[in-house]
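A.B. asks: Chains as they are written, first to last, in our numbering: chain F, 1 to 116; chain V, 117 to 229.
Honestly, the hints are just simulated from the structure, not real lab data. Certain hints may be false.
DSSO-like mimics (lysine-lysine), calculated; alpha carbons at most 30 Å apart, straight line [what the hints assert, rightly or not]: (1) K185(V) x K42(F); (2) K216(V) x K42(F); (3) K216(V) x K20(F); (4) K66(F) x K185(V); (5) K20(F) x K55(F); (6) K216(V) x K55(F); (7) K64(F) x K216(V); (8) K42(F) x K165(V).
Everything numeric in this text was worked out from a predicted model, so none of it was measured.
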Amino acid sequence: GAVVSQHPSRVICKSGTSVKIECRSLDFQATTMFWYRQFPKKSLMLMATSNEGSKATYEQGVEKDKFLINHASLTLSTLTVTSAHPEDSSFYICSAREDRYTDTQYFGPGTRLTVL
Amino acid sequence: AQSVTQLDSQVPVFEEAPVELRCNYSSSVSVYLFWYVQYPNQGLQLLLKYLSGSTLVESINGFEAEFNKSQTSFHLRKPSVHISDTAEYFCAVSDYDTDKLIFGTGTRLQVFP
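One chain only, chain F, in its complex shape (with noise of 0.2 Å):
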């Protein structure tokens, strides 16, 4: 149980162009979803936290215009990236939580975001 599936797994993309990225909690309802990314040897750093039906909260220091959270139903949520650069690139994970007391994250196996 408690499987999360993104997609797609790698996407590379020219400078200027938007991706989006798919995070899905395959057999359980997430009210909430997190985003990170991750650098290479590096620990995740968190860049936002969406509950189903209601706007992100970004951490400080991600532009919200930039990588844009939605999370529209129990099971999906989606990230944008817009107009990428090449320093976009990263590899950005999710995490899907059932509710706040089991306190449990589950992740997705991660998107490889190339920009060229």
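We have chain F; now place chain V onto it with these hints.
C.D. replies: For chain V alone, kept in the frame of chain F given last:
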């Protein structure tokens, strides 16, 4: 503010040897503690967690961790490692109020034959 410190960035060890991956945290409130494992080119998988109750928690693959409140530690141990345990291990802390997971910088466990 909470923080997590994993002092060892890399831990090399021979197969069947014991291993300890250290994790210390700082927090002014009660915490929940987690260990996640990340295999190459994969996402994070929950290894074990401490929410309350017994301070010693175990995973299904032989790892265990002990919550030590006085030393603010949650070290991960395994008495005999396998080649397949080679991975990156992340310690993380959260609490009910902040609703966020704060990760350490990770420890690369490299098991040699």
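A.B. asks: Does each hint fit the structure? Answer for all of them.
C.D. replies: Now for the hints, and whether the structure bears them out:
1. Under the criterion of a C-alpha separation no larger than 30 Å, the hint pairing K185(V) with K42(F) is consistent with the structure, at around 27 Å.
2. At most 30 Å may separate the alpha-carbon atoms for a hinted pair to count; K216(V) and K42(F) meet this at roughly 18 Å.
3. Of the supplied pair hints, the one linking K216(V) and K20(F) holds, its CA atoms being roughly 24 Å apart against a limit of 30 Å.
4. For the hint pairing K66(F) with K185(V), the CA-to-CA distance comes to about 40 Å; that exceeds 30 Å, so the pair is violated.
5. About 17 Å separates the Cα atoms of K20(F) and K55(F), which keeps this hinted pair within 30 Å; it holds.
6. Between K216(V) and K55(F) the CA atoms are separated by roughly 16 Å; this keeps the pair inside 30 Å, and the hint holds.
7. Using a Cα cut-off of 30 Å, the hinted pair K64(F) and K216(V) holds, with the two alpha carbons roughly 18 Å apart.
8. Restraint check for K42(F) and K165(V): satisfied, since their Cα atoms lie roughly 22 Å apart, inside the 30 Å limit.
Hint compliance for this structure: hint 4 alone is broken.
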